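Asker: Residue numbers (this note's numbering), protein chains in the order written: chain C, 1 to 304; chain X, 1 to 304; chain A, 1 to 304; chain Y, 1 to 304; chain Z, 1 to 304.
Quick caveat, the hints were computed from the structure, so don't treat them as lab data. This structure is a prediction, so every number in the text was calculated from the model and none was measured. One or more hints might be untrue.
No distinction is drawn between identical chains; accordingly, a pair holds when it is met within one copy or between any pair of copies.
[Stated by the list, open to error] Under the rule of at most 20 Å between Cα atoms (straight-line distance), these lysine to aspartate or glutamate pairs were calculated in the DMTMM-like manner:
(1) Lys223 to Glu156
(2) Lys130 to Asp275
(3) Lys223 to Glu58
(4) Lys212 to Asp90
(5) Lys245 to Asp290
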Amino acid sequence: MERDEVLVPADVPPGRRWDYQESYLKITRGSGRLMLFAGDQKVEHLNRDFSGPGISPEDGDPEHLFRIADRGRIGVFAAQLGLIARYGMDYPRVPYLVKLNSKTDLVQADQRDPLSRQLVEVSQVEEFAKDSGLEVLGVGYTVYLGSEYEAEMLREASQIVLQAHRRGLVAVLWIYPRGRAVRDERDPHLIAGATGVAAALGSDFVKVNYPKREGASSELIFKEAVAAAGRTKVVCAGGASRDPKSFLQELFDQIHVSGAAGNATGRNIHQKGLDEAVRICNAISAITLDDATVEEALRIFRGD
Amino acid sequence: MERDEVLVPADVPPGRRWDYQESYLKITRGSGRLMLFAGDQKVEHLNRDFSGPGISPEDGDPEHLFRIADRGRIGVFAAQLGLIARYGMDYPRVPYLVKLNSKTDLVQADQRDPLSRQLVEVSQVEEFAKDSGLEVLGVGYTVYLGSEYEAEMLREASQIVLQAHRRGLVAVLWIYPRGRAVRDERDPHLIAGATGVAAALGSDFVKVNYPKREGASSELIFKEAVAAAGRTKVVCAGGASRDPKSFLQELFDQIHVSGAAGNATGRNIHQKGLDEAVRICNAISAITLDDATVEEALRIFRGD
Amino acid sequence: MERDEVLVPADVPPGRRWDYQESYLKITRGSGRLMLFAGDQKVEHLNRDFSGPGISPEDGDPEHLFRIADRGRIGVFAAQLGLIARYGMDYPRVPYLVKLNSKTDLVQADQRDPLSRQLVEVSQVEEFAKDSGLEVLGVGYTVYLGSEYEAEMLREASQIVLQAHRRGLVAVLWIYPRGRAVRDERDPHLIAGATGVAAALGSDFVKVNYPKREGASSELIFKEAVAAAGRTKVVCAGGASRDPKSFLQELFDQIHVSGAAGNATGRNIHQKGLDEAVRICNAISAITLDDATVEEALRIFRGD
Amino acid sequence: MERDEVLVPADVPPGRRWDYQESYLKITRGSGRLMLFAGDQKVEHLNRDFSGPGISPEDGDPEHLFRIADRGRIGVFAAQLGLIARYGMDYPRVPYLVKLNSKTDLVQADQRDPLSRQLVEVSQVEEFAKDSGLEVLGVGYTVYLGSEYEAEMLREASQIVLQAHRRGLVAVLWIYPRGRAVRDERDPHLIAGATGVAAALGSDFVKVNYPKREGASSELIFKEAVAAAGRTKVVCAGGASRDPKSFLQELFDQIHVSGAAGNATGRNIHQKGLDEAVRICNAISAITLDDATVEEALRIFRGD
Amino acid sequence: MERDEVLVPADVPPGRRWDYQESYLKITRGSGRLMLFAGDQKVEHLNRDFSGPGISPEDGDPEHLFRIADRGRIGVFAAQLGLIARYGMDYPRVPYLVKLNSKTDLVQADQRDPLSRQLVEVSQVEEFAKDSGLEVLGVGYTVYLGSEYEAEMLREASQIVLQAHRRGLVAVLWIYPRGRAVRDERDPHLIAGATGVAAALGSDFVKVNYPKREGASSELIFKEAVAAAGRTKVVCAGGASRDPKSFLQELFDQIHVSGAAGNATGRNIHQKGLDEAVRICNAISAITLDDATVEEALRIFRGD
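The following block holds chain C by itself, in its conformation from the complex:
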């Protein structure tokens, strides 16, 4: 992908078009697709994702995430600004995306609908990038569609996309239907609604859960969501850890059958020890960025 192939949204001011293209090319490694390594779950999932059966002991230390991001081939590493601020100076080559909101999952939706508020302003991210010299390519934000607090999150998301673009940053929305009003979070029509909302808010990328319906193949029913997003690119959450082959196959199908533009993966990477984690990163990137086959990717993962 060449610089002039990057479609710059119209809310990027003329003086920031070059910056936006630069951010976009770097975050997609010139491929137009996104390999996002998600390191923002220490708030949402507390320590469940980082310590326990089947999880490498290395993952108990937050620096594990940075080591992977540094050595693995990724598009961008997503984490809260605070975490980046504590390790970034030692990992200056990592491309960062600042996740702007987070909540714990202690309060479940049957007690109260989810609300996750913006923790840090986009202007503070810009200031942080300038002061620290770190390469911040984008910002991220989660919207819980169908929550009784949806209005506040839609407002913050809109502002974040606009503020990001005004600074030449890429905006990624995590959009999950959730709350008392949502019966089936994986309903394909609803997931397509979620990607359509991302389009309406002008996001560059939207991360959704992979749809599921009894008797349907997810990669086919996912096409509706990819279409509904229009020029907003769709990536799928990686979900809980499972065997690399089925994981990579699913990613391949999302890209080559559904038309998705990448992936956002956390647990399937960082719950492994460093070497294995780096290899799965590289395998994911091979599919996402290089159009590798599942077999090729598996070879990379196995270190053949």
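With chain C's structure known, arrange chains X, A, Y and Z on it following the hints.
Answerer: Same frame as chain C, but now just chains X, A, Y and Z:
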């Protein structure tokens, strides 16, 4: 309609009177009536309006809306700023109206009264128009009258009208009575209340649902609402898709019997394939802008 | 009343004392009493006050209010800024008071306590007056005392009085006890509490409902409220339409027995046809401003 | 007390130390103790404190408060800014304290926990003092500890103390435990908690209710609260009207047994006719400011 | 620890790195570990911690805290700004940390989930330090994880850490899981979640409760939390008063077994008389700062 026939509200500052007249003449195509093509439903209705039985597969892609707006004869195309930002650069001739708030309909009124908050400031719209070079003629906002959150929406609506006028933009309010306290959303007296509220808030146009009462003809009972609005012009929501003839007849009656000043139509346009959608746009515009008869409009729709 | 008889509150800054005196003299037509024509009910009462049995069809058009305000003898015409902005340019001689908040009465107090928020800032009113050249003499705001949302309204009311005085404008508070905690909205002791609150907030005028108690004459029990208000002047709401004689007699008693300083009348004026409305205005003003007797006022109303 | 004996809190900036000392010396009339005449109850108690059996008819007029404050010997007169603004110009010698929040007691704690919000900013008080030339020595604010809305009031109280000190003004907090969670508002341990909170917030004075416990003498159990307040001085609310002798004896005990630093009295003063009210003021001041005995104070009250 | 061993977070701007290192070295007395003397409980626990059976009468006076902080060997003394402002001028050598939020525990979690809001801005702390000349090394804030109001506290905490770092101050978060959704506040996995949240927010230190689990030794299960915090240092709350030996042993184990970086102790210090309080301070500091054994620390405590 000549420039000096445009009645400029007194909250438009002297230095912006020319801009306001310009916006008003363009948005009404010199007719004083409004043909608004509504492309803002990807949030409120998620993907239900864009994919499913009876809907053209072309409608699954958001760009479909822009193609119609570009080729059809319309007064203005209403959508969220984010969506306009992703396609506007390729559709620079389309006249835009930025819809400033939106919510999903996942949370129904029996769970919680509706609240739709402003997503983007009017000053940001102005900045966007300047930076992008796109022609933004107005802004829109929805108020749910009778919601327990009405106070917040009345406040935002008032500010939006005032801010729009101070920048020479046209303001359109969508006003729908909704919430636990509202028994009959289509009650003609209540709809007249809604248009009266729009008058009190100083809106240029107000979009309401067409009133209904057992045994009464809607075009007659709608007159109360048109009168109550005074100098605020009333347009009707197009509603769900149905057969073009009855649709156009209803529009004709709204204008020529009730005294309405146009229409705001979404699904009856974009759920059709591009050619048919363009033709229905042109048919609607013939009635709205040129005082065409229903027969003439149908001929345009049929492409005779 | 001479200029130097106008008691200027101490929160009017020195440079605005002359403006305040001017506003006060004009709004009371030099009498120290207020004849306020209330045209702000299109939000609170929707279209019920303007269309229906016993209401002149002329009242269905908002311009009716302006025609009355223009031709009748009044102290000030109260309406929302938006409405004034749509008609003011054609009624430049009308003295205006901008009502700063409004809500619909769709949500009743048994569902949720009333909240009416400020729609427009006092600074915006000043800007509007300057830009439009219209004569804006004051601002108004409603407080629902005893509502669970009272705190927010007391805050806004305090700020509005202060902001108005800092700009040389007259402040009028509408204070109504209302909400689940209020058993008898017309209790004379409670109404006196309401006028005392207005005094504590520093309002120039306070509009309350006329107290009622079984077996007591309202004009006598109303004295407590007039006393409790101190230097804040008390005016009564006109209430629903009824026969002019009893209406004028009540107004006379409020002023000459209770010590009230005028009236705030809406429906008893605008629900009549233009000529009759103008005549009742003049009759009310004769009592309020000229100390006319009820008989003299009735002669004016009858056009003798 | 000499100027250099005034302990200036460390949040008073160097350039305002002199002003603070001046305010402190004046408000305590050089005694280090506070005689606060409370005239802020027209909101909280509506008209109940000002009209009814056992209350002088003079008290029905708000000016009564100013006449007392003008003629009686007091440290400071506390009222809302709005009320001061209406009478201050005629009572320029009165030392004022602006009470910054107030609520009505219509909504009782069993319906909803109390919330009283700041009505006026400290910066506006300063501006008011400058413009009006009135002597404003301090500001006051009520916190309902244990209310579900405590967080908002603690925040406002903290800011008010800080803002006051930055302007050389004295800060007085009214702290009352109240709400569903509070079983015994007069519990001595809880009252000591309240004065400790005032210390933590940095207030100069704190007004609390006098503790009560079956079988304990209040003046002894009150010592805990005086100790807990540390350098924040404690004054007691005067409460409902009762016979002067027991009232003065209690005040004497609070000061000389418990170690309180004065009193805040409203109803026991203003519910009397002017002459008697002035005499009780002087009697209270004799005890508070001059270390008079109860007998001496009673003689002053009786006008011997 | 040398200056260049202080790891400066990347959100400290270049011009403030030296200040941050200075604050960090001072607050840890060059040891990298924190001995925080907690004097902020007058709000949360009202007067329960300061007066009652087993509590030295000296503790009834807030100045007791300052006397201890002045004479004992501590890293930093934490209290609300208001309290520091009243005593700081007499205790200028004490190193201060301003606790930025506080609430009472009157409303229990079964009535309503906890919310503690920021009382004072970080910029006001900086201004205070400058004006007063006092040495303020850091700021503190409590987050109740799992509260329904968590979103507001996470937002304030994020901003506080960022604002503190931008001014070269050290940030300490108190993080306690609490609310209806939290079944076991001492669950080790949950405590590790809490320290992980502190890491994500970029805090320098996090204070948590010591975990407990039937049949497990706390010092071992606490290791998970220390690991999860990464570069954020973990300190334990001291809790209720108990015998010095077991207290010091626990502290020793936390540091030498679990890997904690210090302690935050209040009641175990200030509930003692001044001399004893100073000696326990010094004993705690010996373990925390000098790697003393429990025996050595006990000797210091006993004054041998």
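Asker: Are any of the numbered hints broken by this structure? If so, which, sorted upward?
Answerer: Checked against the structure, the hints that fail are numbers 1, 2 and 4, while the rest are satisfied.
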